[in-house]
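Numbering (the numbering used here) for the sequence shown: 31 to 465.
Treat the hints as calculated values from the structure; they're not laboratory data.
Here a beta-carbon is modelled for each residue, glycine too, at the ideal position from N, C-alpha and C.
One or more hints might be untrue.
[Stated by the list, open to error] The calculated lysine to aspartate or glutamate pairs, modelled on DMTMM-like cross-linking and capped at a C-alpha distance of 20 Å, are: (1) Lys177 with Glu342; (2) Lys418 with Glu404; (3) Lys274 with Asp315; (4) Lys274 with Glu425; (5) Lys177 with Glu189; (6) Lys274 with Asp259; (7) Lys274 with Asp208; (8) Lys274 with Glu214.
[Claimed, not checked] Taking CB as the label site, the calculated pair distances span: (9) Ser293 with Ala185: 19 to 27 Å; (10) Gly210 with Asp103: 29 to 37 Å; (11) Ser293 with Ala446: 40 to 48 Å; (12) Ala377 with Gly453: 35 to 43 Å; (13) Ala99 with His133: 14 to 22 Å; (14) Thr121 with Gly453: 27 to 35 Å; (15) Ala90 with Glu158: 32 to 40 Å; (16) Glu151 with Glu425: 44 to 52 Å.
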Amino acid sequence: MQLPSPHRNALRVGLLGFGVVGSGTHSVLTGNRATIAARAGRAIELAMIATRTPARAREAVSPEIEVLADARDLVQHPAVDVVVEAIGGTTAAREHVLAAIAHGKHVVTANKALLALHGDEIFGAARERGVSVHFEGAVAVSIPIVKALREGLAANEIEWLAGIVNGTSNYVLTEMRDRGRSYEEALADAQALGYAEADPALDVDGGDAAHKLALLAAIAFGGGPRLGDIHVEGVRHVQAADFKHAARLGYTIKLLAVARRSSRGLQLYVHPALIPSNALLAHVDGRMNAILVNGNASGVTMHYGAGAGSRETASAVVADLVDLARARDSGFPPCVPPLGFHEQTGAQRIAPMASLRLRHYLRISLATPSAAPEILRALAIHDIEVEKYTASASEAVLLTRPTEEGRMAAAVSALADLPSVRGVPARLRVEDLVA
Numbered sequence: 031m032q033l034p035s036p037h038r039n040a041l042r043v044g045l046l047g048f049g050v051v052g053s054g055t056h057s058v059l060t061g062n063r064a065t066i067a068a069r070a071g072r073a074i075e076l077a078m079i080a081t082r083t084p085a086r087a088r089e090a091v092s093p094e095i096e097v098l099a100d101a102r103d104l105v106q107h108p109a110v111d112v113v114v115e116a117i118g119g120t121t122a123a124r125e126h127v128l129a130a131i132a133h134g135k136h137v138v139t140a141n142k143a144l145l146a147l148h149g150d151e152i153f154g155a156a157r158e159r160g161v162s163v164h165f166e167g168a169v170a171v172s173i174p175i176v177k178a179l180r181e182g183l184a185a186n187e188i189e190w191l192a193g194i195v196n197g198t199s200n201y202v203l204t205e206m207r208d209r210g211r212s213y214e215e216a217l218a219d220a221q222a223l224g225y226a227e228a229d230p231a232l233d234v235d236g237g238d239a240a241h242k243l244a245l246l247a248a249i250a251f252g253g254g255p256r257l258g259d260i261h262v263e264g265v266r267h268v269q270a271a272d273f274k275h276a277a278r279l280g281y282t283i284k285l286l287a288v289a290r291r292s293s294r295g296l297q298l299y300v301h302p303a304l305i306p307s308n309a310l311l312a313h314v315d316g317r318m319n320a321i322l323v324n325g326n327a328s329g330v331t332m333h334y335g336a337g338a339g340s341r342e343t344a345s346a347v348v349a350d351l352v353d354l355a356r357a358r359d360s361g362f363p364p365c366v367p368p369l370g371f372h373e374q375t376g377a378q379r380i381a382p383m384a385s386l387r388l389r390h391y392l393r394i395s396l397a398t399p400s401a402a403p404e405i406l407r408a409l410a411i412h413d414i415e416v417e418k419y420t421a422s423a424s425e426a427v428l429l430t431r432p433t434e435e436g437r438m439a440a441a442v443s444a445l446a447d448l449p450s451v452r453g454v455p456a457r458l459r460v461e462d463l464v465a
């Protein structure tokens, strides 16, 4: 394969950071150089790297790639067309990304927290400066969901999207279901395998999924990232017993990120939920991710792939670089705006969480085996209809019919006060997905 000239009209890349994402980006750019150049129509050259460990980077890269110790020198360097932010975090990353934009550099990042927290500022600065911000790797890395929403589904009003977008929590839940492990055992295994951080809070408490949902919802519905409007619950309270009961009822449990239009506004939430065992998402296991999108013209589409990994993230980062390289033929900036809308869209009205109407699963520890009448009476007082009810001497399990969130929360509080009930009942919502 004949390559474009290695220097003439090449897209010159400056890489901030040489950790998991940065080293993976270098590996993919160099290893797939010929294919990337053929697809981009020009060479994509890694011109320089800025890292806090320059000696390590110099050992790993070819001598013609300049390695710097100060990111500030890279973001303003005239030899750089595009800055790839791969340092992570939000403080220094925000500073360097805004500096790169101010110096007329395009930006590629896989940093979902950065964009979920500071996306309005960053996208606004890029728009004013006439440069572009690309972030395919920020959401479910090897799944091109950003491009699918911005381009492939551009003709649609998106009705809802729901996805498994955190591989750590999905691995933990899969182990609990398949091996009967406790949450603590499954998490320890994930940490031993390197799938979970020493402090796993961002993953298991739903924060990482919320960052991704903020970006997905902004692209799907407009209005910019709305992280503060997302109701977030994690998986710490899910127990192995819940999987056994769910299976008997025809369900499994997944941590879902959901955005849905409703008559009250946009519903945004992350939560562990029962989903039908025959649903497509029920078979997304281990560290894999998947997202369902329902468009009013397309119907439901499913997008599946790895949600983490060095080369997997690099695949998305380099795809963004290819888009930028191709755009040179028509002039910068690229014609597709970061969030998919050329016209500024107003802030979406957000539906209160109390208005969410779903079915619910309850697991109730009993102080007396004859508690059923008292439990059913307490639920009836709150106008909650029970669809299924089973009980042993020590535990009752039930499914309700669709019930508003506020009413269900009040009913659970009332159940906890009953003398026949031990503690607060365990509660999970039921998402009856159509695919």
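To see whether the hints hold, each was checked on the structure:
A distance of roughly 16 Å separates the Cα atoms of Lys177 and Glu342; the hinted pair therefore holds under the 20 Å criterion. Straight-line distance between C-alpha atoms of Lys418 and Glu404 comes to about 16 Å, which keeps the hinted pair within the 20 Å bound. Note on Lys274 and Asp315: the hinted pairing holds, with a Cα-Cα distance of about 17 Å set against a maximum of 20 Å. As the CA atoms of Lys274 and Glu425 are separated by approximately 13 Å, the hinted pair is consistent with the 20 Å bound.
Annotation: proposed proximity of Lys177 to Glu189 holds, straight-line Cα distance about 18 Å (limit 20 Å). Between Lys274 and Asp259 the CA atoms are separated by roughly 33 Å; this puts the pair beyond 20 Å, and the hint is violated. Annotation: proposed proximity of Lys274 to Asp208 holds, straight-line Cα distance about 10 Å (limit 20 Å). Taken as a hint, the Lys274 and Glu214 pair is honoured in the structure, with Cα atoms around 17 Å apart against an allowance of 20 Å.
Remark: the range hint 19 to 27 Å for Ser293 to Ala185 is upheld by a beta-carbon distance near 24 Å. With their beta carbons about 54 Å apart, Gly210 and Asp103 fall outside the hinted range of 29 to 37 Å. Range check, Ser293 to Ala446: about 31 Å between beta-carbon atoms, so the 40 to 48 Å window is missed. Checked against the hint of 35 to 43 Å, the C-beta distance between Ala377 and Gly453 comes to roughly 40 Å, which is consistent with it.
Between Ala99 and His133 the Cβ separation comes to about 19 Å, which falls inside the hinted range of 14 to 22 Å. For Thr121 paired with Gly453, a C-beta distance near 41 Å fails the hint of 27 to 35 Å. Hint check: Ala90 to Glu158, Cβ distance near 36 Å, so the stated range 32 to 40 Å holds. Between Glu151 and Glu425 the C-beta distance comes to about 50 Å, which sits within the given range of 44 to 52 Å.
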